[in-house]
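K.L.:
Let the sequences and hints guide you as you build the complete structure.
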Amino acid sequence: MYGKRRKRNFVVGGLSLRLLELFTLNRHCVTTTENKMENFARGGRGATLLQALKKKQEMQKSAELSRFGRGLALTRAMEACTMKEQSDSESPLPEPLLPTTVSIGRGLAAMQALTNAAKKQPSERTLDSSLPSNAPAVGKNNSQDLSKRSSVSVEDLYSSKNDHSESHRGTNGKKIPLSANYIRIKTRNEGVFQYHVSFNPEIDSKSVRYKMLYEHVDVTGKTRAFDGAILYLPIKLPNQETVLTSTRLSDGEKITLTIKLVKVLKSECCIPLYNIMFRRVMSILQMKQVGRYYYNPNTPTSVPQHKLEIWPGYITAIKEHEGGLLLMADASHKVLRKETVLDVLVSLVRQDAARFRDNAMRTIVGSVVLTRYNNKTYRVDDIAWDMSPNNKFVSSGSKESISFIEYYRKQYNREISDTNQPLLIHKPKRKALQHGDSPVKSELICLIPEFCYMTGLTDDMRSDFRVMKDIAAHTRVTPMQRQLTLNRFVDAIKSNEDAMQQLTNWGLYFEDASIQIEGRYFPPERIIMRERDFNASEEADWGRDLSRAAVITPVPLQNWVVITCKQDIGKSKDYISMMMKVTGPMGIDVSQPKLIETRDQRTETLIRLLRETIHKNLQLVVIIFPTSRDDKYSAVKKLCCVECPVPSQVIIARTISQQQKLRSVTQKIALQINCKLGGDLWALSIPLSGIMVIGIDVYHDSSKGHRSIGAFVASTNNNLTRWFSRVCFQQPNQELIDGLKTCLIGALKKYHEMNHILPKRIVVFRDGVSDSQLSVVSGYEVEQLSKCFQHFGDTYSPLLSVIIVQKRVNTRIYINRRNQVDNPAPGTIVDHSITRKNWYDFFLVSQHVRQGTVTPTHYIVVHDTSAMKVDHVQRLTYKMTHLYYNWPGTIRVPAPCQYAHKLAYLVGQNIHKEPSHSLADRLYFL
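The sequence shown lines up with residues -22 to -1, 1 to 904 when you count with mature numbering (1 follows the signal peptide of the UniProt record, and there is no 0).
Each hint should be verified, as a subset may be incorrect.
[As the list claims (entries may be wrong)] Per label pair, the in silico range of CB-to-CB distance: (1) R202 / E516: 24 to 32 Å; (2) D330 / E516: 51 to 59 Å; (3) Q638 / N276: 46 to 54 Å; (4) Y351 / G521: 46 to 54 Å.
I should point out that these hints are in silico values taken from the structure, not numbers from a laboratory.
From the three backbone atoms N, C-alpha and C, an ideal C-beta is built for every residue, glycine too.
P.N.:
Here it is as C-alpha cells:
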C-alpha cells in the first residue's frame, strides 16, 4: 500500500511535504530489500544485475555512504539506463527508483550491465535547441507554461558517454580565432634540483647558515634559493651527496655542511620559485611594488584638477595551465592622491574642530598610505595623539636614542615642517615581524603624516561623475592598447641584460607573442515575453524591445502610497502621472496612489509617518528623498524589511527631475516595482525540468566588526524566474557559509510548495571564493548541502553541481580581426589552453562593454554528480546571465549570484539584521 508508485501518486496529487516525509520514513518498514531486488530484476535488468544486488545487501547498513559516495560513472550509467527504459515505455519510471536503485546496486557486475544498456540510448538534442514554430503565447496567469515552449526534454540532455575526467571541452557554438594576455614559458633544464642542507654541529641561527653556505659559491653557483634547510639550484651537483667545510667565526670551530639531493622538481612544481624570480626581474626593470603589484613611479600621469596621480604598472603571474607553463601579464594602474595625511587632518579641523578627532579616526584609520621616500604602503591601525616628531626612539642601527626629526634628516634627507602633528601607528602582521632568527624589537611602526600620501579614492570621489570620467580616460585601456603594452613589456625584459640573465640562470625563456587560441561563440538567446518573443541583439541587449512588450506576470498595483517632502510635490505628481502612462503597455494595472507630504526632512519624522501609514493590505511604499542620505535610507529599509515588512522603493528627487528623461526612468522603476511585488518580466527557453538554480555570495559588514553576511537565493519554478532568498550571519571575516543547511531546507520546502514536487537537479553558483578555498568549499559546503537532503527522506538524493564564480580575474580575451584585436562578443567561451591544469573550468564573456576591455568570468566546477555534458553546463551558465531583472541585457555573473550580491549588500550595508521571512519569495532587495 505504501509502495513507490503509491507514494508518487500522493506527491503528484499535491499532499503536504510533511506527508511526503512520513511516507518516506515508513517505507523501509513495509517494503523489504528482497522485494526491491525481485521487482528490480523483473523489470528486465537481467540475472547478472540481480546477482550483483544480492551480494550487496550488507551495504544497506551504510546508506549514507552509498548515497553520497557512489562513483560518477555509475551515476551516469544508471541515468542512461533509466532514459533507455523511458524511451521504450510510455509510462515513466517512478521517481524514487533512481536514488533507491543506485543506493543498493553498486557492484561491478551491475555497473557493467548498466553501461551496456546505456550504449543503446537514443541520440541527444542540444541545450540551445530552437523553439518550435507553433510555440503558444504565454497568458497573463500562465507563466508556468513557458517550459512547454522548449522542444527538448530533460532526458535528452544527459549522456553516460560524457566523462569530465577525460575532457572538459565543449563543442557547441561557432569556432572563432582568439588571443589572450598569456605568454608561453619554456624551460631549457630538466627541472629544479632540491637539496637538503644539514650542519654538523647544528647551527641555530639562519643568518649564520646563509653565510656559511654562500661561502661555497664556487660549488653551488650564484643562482640559488635557500631557506636555511632546503636549497634549490638550477644545476645538478656532481655527487649525490656533497660535503663542505666552513669555520664558525665566533669560536673558530669547523662546521661540516652536507648537501644531499632530495628530488628533481618539474616546472609545474616550481611555480612559487618562478614567481619570486620574476619579482626580481620587475625590480631590475626599476618597478616599485605597491601592494601586490609593481608600478613605475618614473612615468606618472597627473590629474591636477582632482589632486590625483596615476602610476602605470603590470600584473604578472606564472602558473601551470592546460596549455603548459604560461606567464599572465596585464596592464594595471595605481591611483594615488597628491594630498598627504597631514593635509587631510588640516581640512578636518577646518570643517569641524569640535569633532575633529572622531572624524580623523573614521577617515584615516583603516586606510592605506604610501611613503614616497621608500615607496612602501602601510595600513593605518591607529593615531597616536600623545606623540609627535619630537619624541625619541632607540635606533636599531646605532642603538642610540634619536628623535623622528633627526632620523628622517639623516636617513632620508627630509625635514619635518610641523613638529606638533600626531603620529600614525602601523602594526605589521606577525609573519612580517621576523627576519631569520633575529628577535623582534618593536611591533609598532610610527609614521609621519606629512610624509604619508593617501591611496585609493574616497566615497565622494567615487560618486562624482567628473572624477571617475577623468580617471577612466587614463585607466580604461582598449584591447589594442593592452596588446601593445604587453609587447612593450616583453621587449623591455629582452632588452635588459640583467633581466634576461635572471631568466637564463633558471633555464627559462618565453615566446615573443601572446598565446593564440580557438574559442567558441554562442548565438544570441531568444527572449520570451508575455505575448511575443524576440532575439536579443548582438550586444545581448533588449531594452528597446522590453519597453514595447508586456511582461510575463504583471502584478496589479492597487494599494500603494507615495511619501515626499513639500519641495518635491511637483516632481512626485509628475512621476505618478508618468507611472500611470508607462505601465499600460507593460500590461501592469496601476491605480492612483495616496500622496503623503512630510512635515520636515528629519529621519525620525519619516519613520514615525511610515509606522502610521503601513497596514496589512498595503502593497508598496514609495519614498522620494530630496537628497541622497545613507542614514535615512538605512532607517527606511530596516523598517520596511524587518519591523513592518512591505516592499519599498526609494527614489532620489534628482532622478525624476528632468522631463526629457522622466519616461525612461519611470519605465525602469515600474519594472523594478513589479519584481518587488512578485512579478516576472521576461524568460528564456530552459529545456530542463525539475531543476533548482542557487546563487550564494558573502558580504563583510565593517560596521559590526567585519561580521560576514551570507546571502542565499534559489529558484522556485521551472522557468527560473521566481526566487526564494535567505541570509545568515557568520563570524568576522569568515568566507564559508555555516548556515547553508537552514537556507537550503527552506528553499526546498518553498519549491515543493509551489511545484508539489522536489527538484531532481540542483545547480549552485558560488561567488566570492579564491583559489585557496576551492577544496574547502567543494568539501565543507557541499557536505552541508548534501546533509539537507536527508530531511526529506532517505530516497531523496538529487543530482548536484557546484560551480565557483570568479569575476575578479586578470585574464583578458581578444578576438583577432586581421592585424588588430578587439573585444569578443557576448557568448564567447574558452575552455582550454588558458584554463587551469586538472581543473574543470572555463572562461565566459557574457556582457558587452562599449569602452575599455571586457573582462571574462571564470567558472570552476568543483563538484558535479549531474552527468551534464560540458556544453550543457556552459550554455546553462550563459542563459542564467540573461535573467537579472535590474538590467535589460546580460551581466557578468549568473542572475542568482547577482541577486545574492544585492541582498548581502543591502543587509550588510543598511539593515544589519535578518529580513522578514514574509518577503523571502520576492525580489524586495532590488
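K.L.:
Would you list, in rising numerical order, the hints stated earlier that this structure does not obey?
P.N.:
Number 1 - this is the single hint that the structure violates.
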